[in-house]
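Colleague: Now for the letters of each chain:
2 protein chains.
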Amino acid sequence: MNEQFPSVLLEKAVSEFAKLPGIGRKTAMRLVLHLLRQDLGAVEAFAGAMTTLKREAKFCKVCHNISDTETCRICSNPQRDASTVCVVENIRDVMAVEATQQFRGLYHVLGGVISPIDGIGPGDLQIESLVERVKAGGVKEVILALSTTMEGDSTNFYIYRKLAPTGVRLSVIARGIAVGDELEYADEVTLGRSIVNRTPFNGSF
Amino acid sequence: MNEQFPSVLLEKAVSEFAKLPGIGRKTAMRLVLHLLRQDLGAVEAFAGAMTTLKREAKFCKVCHNISDTETCRICSNPQRDASTVCVVENIRDVMAVEATQQFRGLYHVLGGVISPIDGIGPGDLQIESLVERVKAGGVKEVILALSTTMEGDSTNFYIYRKLAPTGVRLSVIARGIAVGDELEYADEVTLGRSIVNRTPFNGSF
Numbered sequence: 017m018n019e020q021f022p023s024v025l026l027e028k029a030v031s032e033f034a035k036l037p038g039i040g041r042k043t044a045m046r047l048v049l050h051l052l053r054q055d056l057g058a059v060e061a062f063a064g065a066m067t068t069l070k071r072e073a074k075f076c077k078v079c080h081n082i083s084d085t086e087t088c089r090i091c092s093n094p095q096r097d098a099s100t101v102c103v104v105e106n107i108r109d110v111m112a113v114e115a116t117q118q119f120r121g122l123y124h125v126l127g128g129v130i131s132p133i134d135g136i137g138p139g140d141l142q143i144e145s146l147v148e149r150v151k152a153g154g155v156k157e158v159i160l161a162l163s164t165t166m167e168g169d170s171t172n173f174y175i176y177r178k179l180a181p182t183g184v185r186l187s188v189i190a191r192g193i194a195v196g197d198e199l200e201y202a203d204e205v206t207l208g209r210s211i212v213n214r215t216p217f218n219g220s221f
Numbered sequence: 017m018n019e020q021f022p023s024v025l026l027e028k029a030v031s032e033f034a035k036l037p038g039i040g041r042k043t044a045m046r047l048v049l050h051l052l053r054q055d056l057g058a059v060e061a062f063a064g065a066m067t068t069l070k071r072e073a074k075f076c077k078v079c080h081n082i083s084d085t086e087t088c089r090i091c092s093n094p095q096r097d098a099s100t101v102c103v104v105e106n107i108r109d110v111m112a113v114e115a116t117q118q119f120r121g122l123y124h125v126l127g128g129v130i131s132p133i134d135g136i137g138p139g140d141l142q143i144e145s146l147v148e149r150v151k152a153g154g155v156k157e158v159i160l161a162l163s164t165t166m167e168g169d170s171t172n173f174y175i176y177r178k179l180a181p182t183g184v185r186l187s188v189i190a191r192g193i194a195v196g197d198e199l200e201y202a203d204e205v206t207l208g209r210s211i212v213n214r215t216p217f218n219g220s221f
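From first to last, the protein sequence lines stand for chains A and B.
Residue numbering for the first sequence follows our numbering, starting at 17 and increasing by one per position.
Residue numbering for the second sequence follows our numbering, starting at 17 and increasing by one per position.
Worth flagging that the hints you see were computed from the coordinates, not collected in a lab.
As the structure is a prediction and not an experimental result, all values here were calculated from the model.
Where hints are given, some of them may not hold.
Since the list gives no way to pick out one identical chain from another, each pair is judged satisfied if it fits inside one copy or across any two copies.
Said to hold, decoys possible - Pairs of lysine to any residue, SDA-like flavour, derived with a Cα cap of 25 Å: (1) Lys35 <-> Glu60; (2) Lys77 <-> Leu36; (3) Lys42 <-> Asp134; (4) Lys28 <-> Val147; (5) Lys35 <-> Leu56; (6) Lys74 <-> Ala61; (7) Lys77 <-> Ile39; (8) Lys77 <-> Pro216; (9) Lys74 <-> Leu52; (10) Lys77 <-> Val59; (11) Lys156 <-> Tyr176; (12) Lys35 <-> Arg108; (13) Lys77 <-> His50; (14) Lys42 <-> Ser131.
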């Protein structure tokens, strides 16, 4: 036991919290002491929500998004356009695209991007299942919506090579100046691409 | 269920995390997805550490610090000087003072400071038990180590009025320029007090 900690139980709880990414020991201590001030029911609700999620959450067998059922709400929704599949890295990206309300197709969650430095290869991602999904037919367009980083671009290219033989239409999300940004603060690569990939303008957006 | 969340279980876990102070919904999501990537044993260890702490942690009957036993390790240590009691706001402050290794007396944890704006009065704090502890005899000096804020000062003054009749020696921790600070950036109240409360200097610290 660390000499400074007045309680082994406290130290254990703080250590568990400090394992979370971005949570240092001081923050962990603050969070644990906050929980300790709540009543037992509240602490049990907190702890129970985590273990229940881990025990019972499923991953959609079609798109691999987290789901309470075998096939997720999006994939099983007949109102969605099953011919368009948006490829994203993770669950948060599905939520981010959904929040825009600009996409009515389905998703395919890769579970990350190819990153040799982190030991993540194509086999660790849901790329093979994407190829099978396209080969099974019914998908007309695959939209690649990965991070605009080196890893994202490598993954885009890897998927392009895998999907090109199937003849499916492939597109990537537009890169350009973020809405609300000033040109003088944009990096030159982004600004350059935004000029090359300029879109026709008819007086309104 | 929030339309954006692909899973009720996920949403519940995120909501529980987002109740913690300083944790917004985006951070909560990131932490929950991290836990979801761990194996079940790790998630159960995390959840179990919180509920076990809440169920089994005790508060020392002498100093009110968190403890695994009826009387905490510090209060039951015969090597500590029981005649000096350091009054602090909370458990973290005990750990902060212990970390300095400059204090070998005992503590008294108030559980906060008097703060009318937050609805915290003297009756919500362990002040009465401090007075009884001093009246019981054996305590020669009470060191007030509260925050140097308006609330801390009000609490210092309240304790002073309560303890003055007992004749116990009272002191407050020194206020002055923090070690490593440059004078030009110090606020004038602190700098002024550091001059008024200057200490004799014999060539070394």
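Colleague: State for each hint whether it applies.
Modeller: Now the hints, each set against the structure:
For a Cα distance limit of 25 Å, the shortest separation of Lys35 from Glu60 qualifies both inside one copy, at 20 Å, and across copies, at 14 Å. Proximity of Lys77 to Leu36 under the C-alpha cut-off of 25 Å is found in neither arrangement, the shortest distances being 28 Å within a copy and 33 Å between copies. When the C-alpha separation of Lys42 and Asp134 is checked against a cutoff of 25 Å, the pair qualifies only between copies, where the shortest distance is 24 Å, while the shortest distance within a copy is 28 Å. For a Cα distance limit of 25 Å, the shortest separation of Lys28 from Val147 qualifies neither inside one copy, at 45 Å, nor across copies, at 33 Å.
Both within a single protomer and between protomers do Lys35 and Leu56 lie at most 25 Å apart by alpha-carbon distance, with minima of 23 Å and 15 Å respectively. When the C-alpha separation of Lys74 and Ala61 is checked against a cutoff of 25 Å, the pair qualifies both within a copy, at 21 Å, and between copies, at 21 Å. Neither within a single protomer nor between protomers do Lys77 and Ile39 lie at most 25 Å apart by alpha-carbon distance, with minima of 33 Å and 32 Å respectively. Taking identical chains as interchangeable, the C-alpha atoms of Lys77 and Pro216 are never at most 25 Å apart, the minima being 40 Å within one chain and 75 Å between chains.
In this homomeric assembly, Lys74 and Leu52 come within 25 Å of each other (Cα to Cα) only across copies, at 11 Å, whereas the closest approach inside a single copy is 31 Å. Within a single copy, Lys77 and Val59 get their C-alpha atoms only as close as 33 Å, which misses the 25 Å cut-off; across copies the closest is 24 Å, which meets it. Proximity of Lys156 to Tyr176 under the C-alpha cut-off of 25 Å is restricted to the intra-copy arrangement: shortest distance 14 Å within a copy versus 79 Å between copies. Taking the shortest Cα distances, Lys35 and Arg108 sit within 25 Å of each other both inside one copy (21 Å) and across copies (19 Å).
For the homomeric pair Lys77 and His50, the shortest alpha-carbon distance between copies (21 Å) is at most 25 Å, but the shortest distance inside one copy (39 Å) is not. Taking the shortest alpha-carbon separations for Lys42 and Ser131, only the inter-copy value of 24 Å comes in at or below 25 Å, while the best intra-copy value is 32 Å.
Checked against the numbered hints above, the structure violates hints 2, 4, 7, 8; every other hint is satisfied.
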